[in-house]
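Numbered per my numbering, the sequence shown spans residues 1 to 108.
Read the hints as simulated data drawn from the structure, not as lab findings.
All residues carry an ideal CB built from backbone N, CA and C; glycine is no exception.
Be aware that one or more of the hints could be misleading.
Claimed, not checked - Quick list of simulated restraints, FRET-style, between CB atoms:
1) VAL91 to GLU64: 36 to 44 Å
2) GLU94 to ILE14: 41 to 49 Å
3) LYS102 to THR81: 36 to 44 Å
4) ARG51 to THR81: 40 to 48 Å
5) ILE56 to ILE96: 48 to 56 Å
6) HIS1 to THR77: 51 to 59 Å
Said to hold, decoys possible - In silico DSSO-like cross-links for lysine-lysine, where the CA-CA straight-line distance does not exceed 27 Å:
7) LYS13 to LYS60
8) LYS70 to LYS33
9) LYS82 to LYS35
10) LYS68 to LYS16
11) LYS102 to LYS70
12) LYS46 to LYS68
13) LYS58 to LYS16
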Amino acid sequence: HQRLQDHLEKLLKIIKLREATMSNLRRPNFGEKLKEMLAAAAALNKTMNVRFPIAIEKMKAIREVRAKHKELSKTFTNEGTKFLSENFRKVASERISDLKSKSGGVGI
């Protein structure tokens, strides 16, 4: 029984994320900490790509970690989408303003 539990703990360590990484995925700050956010996404991707035999994947502890990772991935992706959309609008608006001021507003 103890050997099985020890083996499960070793497997969980393979797919476990550091608390700081999980925090970055839960509340990403793309504007000020882009490198850290990209590193967190890479760490999550790495753990999500680890595959165990089916019998191990069906274990409750493994399924719980997988579910948590999926939720972190969803949160991070949604926040990334918002960040990129807002930045794109801002940059596009600035660019249009620049073009209008350079052309005197003619044709734009």
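For each hint, the structure was consulted:
1. A C-beta distance of roughly 41 Å is found between VAL91 and GLU64, which places it inside the suggested range of 36 to 44 Å.
2. A hinted range of 41 to 49 Å holds for the C-beta pair GLU94 and ILE14, which are about 45 Å apart.
3. Restraint check, LYS102 to THR81: a C-beta distance of roughly 32 Å breaks the suggested window 36 to 44 Å.
4. The given range of 40 to 48 Å is broken by ARG51 and THR81, whose C-beta atoms sit roughly 27 Å from each other.
5. As the Cβ distance of ILE56 to ILE96 is approximately 54 Å, the hint placing it in 48 to 56 Å holds.
6. For HIS1 paired with THR77, a C-beta distance near 40 Å fails the hint of 51 to 59 Å.
7. Distance check on the hinted pair: LYS13 and LYS60 sit about 15 Å apart at the alpha-carbon level, within 27 Å; holds.
8. Restraint check for LYS70 and LYS33: the C-alpha separation of about 22 Å stays at or below 27 Å, so the hint holds.
9. Distance check on the hinted pair: LYS82 and LYS35 sit about 18 Å apart at the alpha-carbon level, within 27 Å; holds.
10. Distance check on the hinted pair: LYS68 and LYS16 sit about 10 Å apart at the alpha-carbon level, within 27 Å; holds.
11. Distance check on the hinted pair: LYS102 and LYS70 sit about 47 Å apart at the alpha-carbon level, beyond 27 Å; violated.
12. Among the hinted pairs, LYS46 with LYS68 is consistent with the structure: their alpha-carbon atoms are about 14 Å apart, no more than 27 Å.
13. For a cut-off of 27 Å, the pair hint linking LYS58 to LYS16 stands: about 17 Å separates their Cα positions.
In summary, the numbered hints that this structure violates are 3, 4, 6 and 11.
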